[in-house]
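For this one, chain X is given, so just place chain C on it according to the hints.
Protein sequence lines, in the order shown, are assigned to chains X and C.
Heads up: the first sequence begins at 1 in the UniProt record's numbering, then just goes up one per residue.
Heads up: the second sequence begins at 1 in the UniProt record's numbering, then just goes up one per residue.
Honestly, the hints are just simulated from the structure, not real lab data.
Heads up, some of the hints might be wrong.
[Stated by the list, open to error] Okay, derived cross-link-like pairs now, EDC-like style, lysine to aspartate or glutamate, Cα gap no bigger than 20 Å in a straight line:
#	chain 1	residue 1	chain 2	residue 2
1	X	Lys117	C	Glu574
2	C	Lys564	X	Glu95
3	C	Lys254	X	Glu95
So you can see what is in the structure, the chains are spelled out below.
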Amino acid sequence: MVILEADKIVKIYGETSGESVTKALSGISLSVKQGEFVAIMGPSGSGKTTLLNILSGIDKPTSGVMTIAGHAINKMKRDELALFRRKQIGFVFQEFNLLDSLTVKENIILPMVLEKKSAAEMEEKVQTLAGLFEIEPILQKYPYNISGGQQQRTAVSRALVNNPGIIFADEPTGNLDSKSSTAIMECFEKIVQELKTTVLLVTHDVFAASYCQKVIFIKDGHIHSYIVKKGSRKEFLNQIIDNLAVLGGRTYDI
Amino acid sequence: MTFKQIVWKMAKVQYKKYLIYFLCNSFAVMFFFMFSTVYFNERIIEAKKLDGIQDALAVPAVALVVFTVFFISYAHNVFMKRRKSEFGLFMTLGMSHRDISKLLLLENGVIGLCSIVTGIIGGAIFSRLFFLLLMKSVGLEEIPFHFNGSMFLYSIATFALVFLAAVGKSLFFTLKKDVIQSLRSNRTAETIKLKSPLFGGFGLVMMFGSILMLYFSFSKSNGGELLLWTIGVLIGLYISLNQSVSFLIELAKKNKPFYYRRLLLLTSLDYKFKQLTSILMLVTVMIMVTIIYTTLLLTIYQSSEKDAIEGNPYDIAIVQAKTKNNLSSEEISSIINKQDNPIKQHLKMPIFYSIQTLPGVEGYFTNVVISVDDFNKLTSQQKQLQEREYINYINEAPEYVGNSNDDHQELAFNIGSKERTYQQKGMIAVKSINNLSYLHEFIIVNQAEFELLKKNADGFAAEIQLFNVANWKNTADVVEILDKKVKHYSKTAPQIADRAGIPSQQEFFQMASKIDSYQYHKNSSGILFCVISFLSVIFFFGTFILLYLNLFSELDLEQAKYQKLYKIGITAREVKRFISNELATLFFIPLVLGTTLAYLYVAILATDVGGIMKNPEILLHFVIIASGYLCIQAGYFFYARRKMCTNII
Numbered sequence: 001m002v003i004l005e006a007d008k009i010v011k012i013y014g015e016t017s018g019e020s021v022t023k024a025l026s027g028i029s030l031s032v033k034q035g036e037f038v039a040i041m042g043p044s045g046s047g048k049t050t051l052l053n054i055l056s057g058i059d060k061p062t063s064g065v066m067t068i069a070g071h072a073i074n075k076m077k078r079d080e081l082a083l084f085r086r087k088q089i090g091f092v093f094q095e096f097n098l099l100d101s102l103t104v105k106e107n108i109i110l111p112m113v114l115e116k117k118s119a120a121e122m123e124e125k126v127q128t129l130a131g132l133f134e135i136e137p138i139l140q141k142y143p144y145n146i147s148g149g150q151q152q153r154t155a156v157s158r159a160l161v162n163n164p165g166i167i168f169a170d171e172p173t174g175n176l177d178s179k180s181s182t183a184i185m186e187c188f189e190k191i192v193q194e195l196k197t198t199v200l201l202v203t204h205d206v207f208a209a210s211y212c213q214k215v216i217f218i219k220d221g222h223i224h225s226y227i228v229k230k231g232s233r234k235e236f237l238n239q240i241i242d243n244l245a246v247l248g249g250r251t252y253d254i
Numbered sequence: 001m002t003f004k005q006i007v008w009k010m011a012k013v014q015y016k017k018y019l020i021y022f023l024c025n026s027f028a029v030m031f032f033f034m035f036s037t038v039y040f041n042e043r044i045i046e047a048k049k050l051d052g053i054q055d056a057l058a059v060p061a062v063a064l065v066v067f068t069v070f071f072i073s074y075a076h077n078v079f080m081k082r083r084k085s086e087f088g089l090f091m092t093l094g095m096s097h098r099d100i101s102k103l104l105l106l107e108n109g110v111i112g113l114c115s116i117v118t119g120i121i122g123g124a125i126f127s128r129l130f131f132l133l134l135m136k137s138v139g140l141e142e143i144p145f146h147f148n149g150s151m152f153l154y155s156i157a158t159f160a161l162v163f164l165a166a167v168g169k170s171l172f173f174t175l176k177k178d179v180i181q182s183l184r185s186n187r188t189a190e191t192i193k194l195k196s197p198l199f200g201g202f203g204l205v206m207m208f209g210s211i212l213m214l215y216f217s218f219s220k221s222n223g224g225e226l227l228l229w230t231i232g233v234l235i236g237l238y239i240s241l242n243q244s245v246s247f248l249i250e251l252a253k254k255n256k257p258f259y260y261r262r263l264l265l266l267t268s269l270d271y272k273f274k275q276l277t278s279i280l281m282l283v284t285v286m287i288m289v290t291i292i293y294t295t296l297l298l299t300i301y302q303s304s305e306k307d308a309i310e311g312n313p314y315d316i317a318i319v320q321a322k323t324k325n326n327l328s329s330e331e332i333s334s335i336i337n338k339q340d341n342p343i344k345q346h347l348k349m350p351i352f353y354s355i356q357t358l359p360g361v362e363g364y365f366t367n368v369v370i371s372v373d374d375f376n377k378l379t380s381q382q383k384q385l386q387e388r389e390y391i392n393y394i395n396e397a398p399e400y401v402g403n404s405n406d407d408h409q410e411l412a413f414n415i416g417s418k419e420r421t422y423q424q425k426g427m428i429a430v431k432s433i434n435n436l437s438y439l440h441e442f443i444i445v446n447q448a449e450f451e452l453l454k455k456n457a458d459g460f461a462a463e464i465q466l467f468n469v470a471n472w473k474n475t476a477d478v479v480e481i482l483d484k485k486v487k488h489y490s491k492t493a494p495q496i497a498d499r500a501g502i503p504s505q506q507e508f509f510q511m512a513s514k515i516d517s518y519q520y521h522k523n524s525s526g527i528l529f530c531v532i533s534f535l536s537v538i539f540f541f542g543t544f545i546l547l548y549l550n551l552f553s554e555l556d557l558e559q560a561k562y563q564k565l566y567k568i569g570i571t572a573r574e575v576k577r578f579i580s581n582e583l584a585t586l587f588f589i590p591l592v593l594g595t596t597l598a599y600l601y602v603a604i605l606a607t608d609v610g611g612i613m614k615n616p617e618i619l620l621h622f623v624i625i626a627s628g629y630l631c632i633q634a635g636y637f638f639y640a641r642r643k644m645c646t647n648i649i
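So here's chain C without its partners, still in its complex pose:
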């Protein structure tokens, strides 16, 4: 029998550990591929219904990559942990480092390649199903499923990169280690040396302190502080997971009867938490992030209608240039006006888009001018303006507009070679026109001034047409027809001005409707919600596998421990209770921590919209998602407990 045959025989006997390792890698590739079929689907982008799908999916994509890194390196570590003592034995029998590296590379190479092949095949099968479900759930059945090169390229490349890094690391350490180190390593002893109750207390203080700081500084802070305190929370969390059991043991020792009764559980937990810190951290953060994300997305999804109505006071708004090549007002009306959905209101608002050269430098500044009469018609206000006076009007609900009311500012327009200055008479913030790009801030002047500027100042005249119909939800068809026509006309129309900084005809002349906005919100947040839910399930499943693998990779140690205890006289029932308590802590502490942190974050983020108590729907969504997680985790826990008990007792 040659050495090779012996190695092969050992591998065959221990096929299970290879199988688990292979399955983990295969799953990683599969999930990655499934995700990329959505991420790289060209039709979604072409459909234009989901403009920012790739941007929106960027955060989950990063999360998936981070997760894959953890997942693969953990699976690899577990695999290597089991192989290391074997390598030690091989080396004492005279196998060279070179042979070991060759063996390691061969094994990992075969497993890696097989994982890619099976992962892609599995991914190709399941992604079609996943895609179909996803599109159906958000009402985009018309978008076809397809494969393209980037999907394959990115999934394989990402996996290969992470996998190679993990193998490289093992190779490096295997080559560096001598025989004796490979043969024995007292992990318990190493772990106990890391005890530091003081540090544990510090971690807890840091985590909760950062959350408190976040809460108190959030309302008046910028994004920077949010990031800073979040980093504080995460570092605190890591230290707490690593050391807080030591801290709690130190506290518990003050109460001897309490401590002694839980002696076995506490010391075992202390060891386990130190051993599994990274993975528990991963679980906690994944739970926290996915709960925050899904809660917010579900809230946004549910508020699509509200947002569409708030963002678009009129059912349909069209901006038209006053050039000859144009859709006539009558034509537009005739398209919109349907028998079963007639026009209820039609308002025309002339605007003047002024373009002025900046003195001294190259560049322009632009203003959108409207007349006070039109403004009064639009908002049913009774504003009056004199000559050379203006009001700054911001098309936004007042609560979103800062209080920068510097009255008496001057604004000048070039008329011929002369300047005509206007004095500011206040600022108005009210949402009364649909969300149209370039038309957010207006200068209101009186009718005479408006005509004067239109005639003499540099710029162009246009018109906003605003329509209300009987039921905006039935306008999808007419909006589509109109959209095509508007696009067609603006394409053929002459350019407004061939100057940098000035919007092109196509950009400027546009339409905005409730139905479009509604569908956009619904689709993008819907698809995001589904993707995030899908990813959450993957993360959850993946972290469970990791936790499970790690726990069971030390099964022999556990068995030895309980064997010792059995000889001393521990009953099977007591063993069961210990295992139960220990696993419950390991499975539910990350969940409780993650959920609590997520709740605090959601509550803090909700202060922007008046606090969580004023938004019961956010609270409701949070409770729904958190309880979903609880159920899944409880399922995992019962499964792991049963497995552990049958293996040990």
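Excised from the complex, chain X in its bound form:
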């Protein structure tokens, strides 16, 4: 079953202001099946983050059609989209995006609070997720008192509280050291394997990408190629590095 479908997505910046026009995405089509673990890679400025923002409904495309779980999100209004996001989509960001004035636990339940779920349900969900991602001891702490890895695990838990159909992650390991990166990617693996949730992430990090089942490479607003994991993670890692070399360009950076 296809959960996410994008058809000829075009995004042009600077069109209205009449200044220099930049074409960030020039007609990208892709589809993601339920339970898939997909990474999008590409050089800086290739349009990765723009694509993710459009796919997740944070940004609007200039043209093109996207559907998530059968809903055409490009036709939704701003507030409709917001409601859709918090019910159907989970988000993980590079800079964690936790609220400083809330404790870890409160940050996790925030989407449920917005959904006006019952207190018992929230408590239960927090306990399950905290157990899964091993953050029980820090539930009462504030974000500035915990490590980056812990913050990101909090953010992952938050992304999952409303049982979304799909999780979008924008450079989830970008601000983390390698040990914390491993922990986070293992979290995503758990999400896919145990919770059967689809994960779509954008990353620079080949190590992070190697955890995925499929990697899509984009360059200059087009899909360049994609590879699917067949063997072990190590083999897949080498494949990704090879593919990036093909993608080439001086802008490539790890």
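Only chain C this time, still in chain X's reference frame:
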């Protein structure tokens, strides 16, 4: 491009924050100047209609200075907060502390000077209007508006002092801080560390406890306790504003569904209240003080007539010495007696002002003696007194006189070298003579004793003439003429006694009339009421600006927060509701608190006059003023909400 040019370019791009800072300072100078044009107006003092105008305006003046201190230092802090991270950046790029201080001094110096110039010009224009309105509203159109040196001096000096202190403080801290501290400071984290629900509960208990204590101890207390409990209330208020949201959150956590539903609002409020404690405190206290003050003043103003009648049982009273250089009784009568306003009653009451040397020490004590016959005539009582007996008579309504009725006291008069002692036969408190200075307490003796004392004791004889006319409100003209004549005569008359402690001729021989008292009350409380109302508007406007500036100085943080929430999936409508709830709390909590405290204070103060329920006019005035405040604050709230929503959504 030199570094200077870069700094200048940055300043030009961010002209808005300089403009706001400049406007705040300019307003401060302007308000100060407007106030001082009333405070230092010499004609008001000369007009003699408002003797104590400077004394009466002293309290508002202090309030204005306190407010200015807060206002300027806050405006400065907001300005500096925005500049600090920039300074940090400059310093990492290699700008020395010296350069930073020079920049800071230059900026502030220019803004300060411009503020003074524009503030004074603005003040000069608006003060004329303000003065005219003020004088017209209290019926003193004849007092001219003018400028003098003190007005300029005091407004500029006060502003400069406060401004320099604020700049000095910033300079000190900028020089002390290192680069890294200037660059980053996690204010949220710092604020959350200050959480103490226990302390919050303590603050609430302290505030309400102090009010209760005040209420129960007021009737039998002196001024000291009033002050003590007021300090208690204020400290409690501060702690409550700072910590009570933490306390309430702790309570709310007991009810999880309730707490979770308001999670965002409560935590955000907790942060905001800690961040804005001083300013919320300022708003609350200003609201409280101005409501109490204006309510009481309006009540006094409205009761001018009642007070004039109560204070002056007769329409006109004149004290005259029995010396040859004097206004004759006939002359006085002929002045007062007008065809359209004839004399209805004329009473003469001889008095004897006795002056006795104290044995052993240097000094005198004086007594005003009247005869029992005159007293009976005055009060239509039937008192009888024997030889060597006296009654202590206090010219005051009995409820204002303490119950110190020590009967059988002895009073001695020196007659020649002998002492003649009198036995007290009671005390009478009744208001039957106008308020005349030196004539408040009397010794009543019988007619024979009165004559005896007048003839033999040391002192002088005088006469109180009391007049009632058809309509006292039409006596303004005759009172003025009489007043001039009385003054003229007493100036030329020989001194009573050239001794310390004895009132001079001018002081003693005087007149007191209903119309004068009425006009005095009406003018002084009227002018005070107008000044306080004017100041309240300034305070209100000023505190709003402060609250607004402070809220909007963290706009970037707010935007970032709502951006995060937007990504999680918050709708614009929900954001609007959050902002609305948050701002409503921040704007109305101080109002509700201030009004409640003001009400309690007014109610407590009203126990002196029989409680607030027996004085519906006080209650009415309170409701009028409080609802006026509510309307203004609601206006501010809607404005701020609209601004905030358009900036964030």
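Hints and how they fare:
no. : hint                   : result
1   : X/Lys117 with C/Glu574 : holds (16 Å)
2   : C/Lys564 with X/Glu95  : holds (10 Å)
3   : C/Lys254 with X/Glu95  : violated (33 Å)
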